[in-house]
Amino acid sequence: MSDTAPRLLKGAAMLALLVVLLALPLYVEEFWLRTGFAVFAAIIGAVGLNLLVGTTGQLSLAHAFFLAVGALTYVYVSGDPGGSAIEYGGFGLPPIVGMVAGVVMAGLAGVLFSPIAARLRGIYLGVASLGLVFIGQHIFNTWTSVSGGFNGRIAPPFELFGFSFGGNDEPYLAVLGVPFGQAERLWYLGLALCALACWFASNLLRSRPGRALQNVRDSEVAASVMGVNVQEYKAKVFLVSSMYAGLAGVLYALSIGSVAPESFSLLVSVQYLAMIVLGGLGSVGGAAMGAAFVSALPLVLQQYSASLPFIVDPGQQGIVASQAAAFLYGGAIVLVVLFEPGGLAGLARRFKRQPRPPQESKPVSVTQPAPAGSSPGGTPR
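Quick note on my numbering: the sequence shown kicks off at 6 and runs consecutively.
Keep in mind the hints are simulated off the structure, nothing from the lab. One or more hints might be untrue.
Label-pair restraints from in silico Cβ distances [claimed, not checked]:
#, residue 1, residue 2, range
1, S89, V24, 43 to 53 Å
2, V317, Q219, 38 to 48 Å
3, V180, V226, 55 to 65 Å
For each residue, glycine too, the CB sits at the ideal point set by N, CA and C.
With the hints as constraints, model all of the structure from the sequences given.
If you want it as structure tokens, here you go:
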């Protein structure tokens, strides 16, 4: 009974959260819907990175590279040829094909890097993965027929079976008198993909491969003794993590509306590391909370910069919204490392723990052994 009650409470809380998220587009402004879609994209990428870093213990700084592969594959496969100063190509295929291709290409990039990832660990893997970011930026900036060069290219709006999620808003859709345009439709698209990504990651962690990945993180020697193929599992988790990043890159392209190679710098990889450290390593819910905080904070500060005295508009002398956000979540990371290494997920678990009520002490009767030559009742024979 004690184990069933917390599960029911957690299920009820998740159901209530889902109902709120489903009803939110009926009541909030367009800014919050677009911010939420960007948060959904960040959550997918953070959950994938947490599987690699938090669950398996493999440090990676290449997440920005895999995001770029997913985003640029989407705009090339689903985009049309064009460009004036710099001409670029495109296949003009349906956007769902471009999304799948972005996820697959990011996974293939992870597979190509997985032999290196399987043989390295710690800071050595981090330095090796760091090279992917610089190599990728150079390739994407010079491969103008795909990326459009420094100026980038427009991301085609997403469509599924003739239903548009942006642009022309066809067919017309209204719920309870509220017209559902691009922001509302993208909100539900991001919510569905984010829920599926978190569900898959949660089930993976509870499965046998998930326990094997945790054993690899705790001790590779002990995992090998238990029959876990360490190199194979390292390669597989890198594949899964890069596919998550590819999907996040596609959603990022849909959120911004355009893609440029300069958008996927080393700073993006550092931000994703900040998300999972702040949220809690090895926790799907923690990765989601950390991603929401880090990705939404600069957008919210920029939206309300006029009412905040210490934030100025870009181009003016002072602190802009992005810098203020970096200061805030950087300070939050320092506090988490010092006082709550489990992150926001560990803090939530601490609040859920309730002290057990003190048990009443009962007198304990101690039966003295009967002396030799006595009957069981204590009387001499």
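Status of the hints after comparison with the structure:
1. S89 - V24: 43 to 53 Å: Holds: the Cβ-Cβ distance is about 48 Å, inside 43 to 53 Å.
2. V317 - Q219: 38 to 48 Å: Roughly 46 Å apart at Cβ, these two residues keep to the hinted range, so it holds.
3. V180 - V226: 55 to 65 Å: Cβ of V180 to Cβ of V226: about 57 Å, so the range 55 to 65 Å holds.
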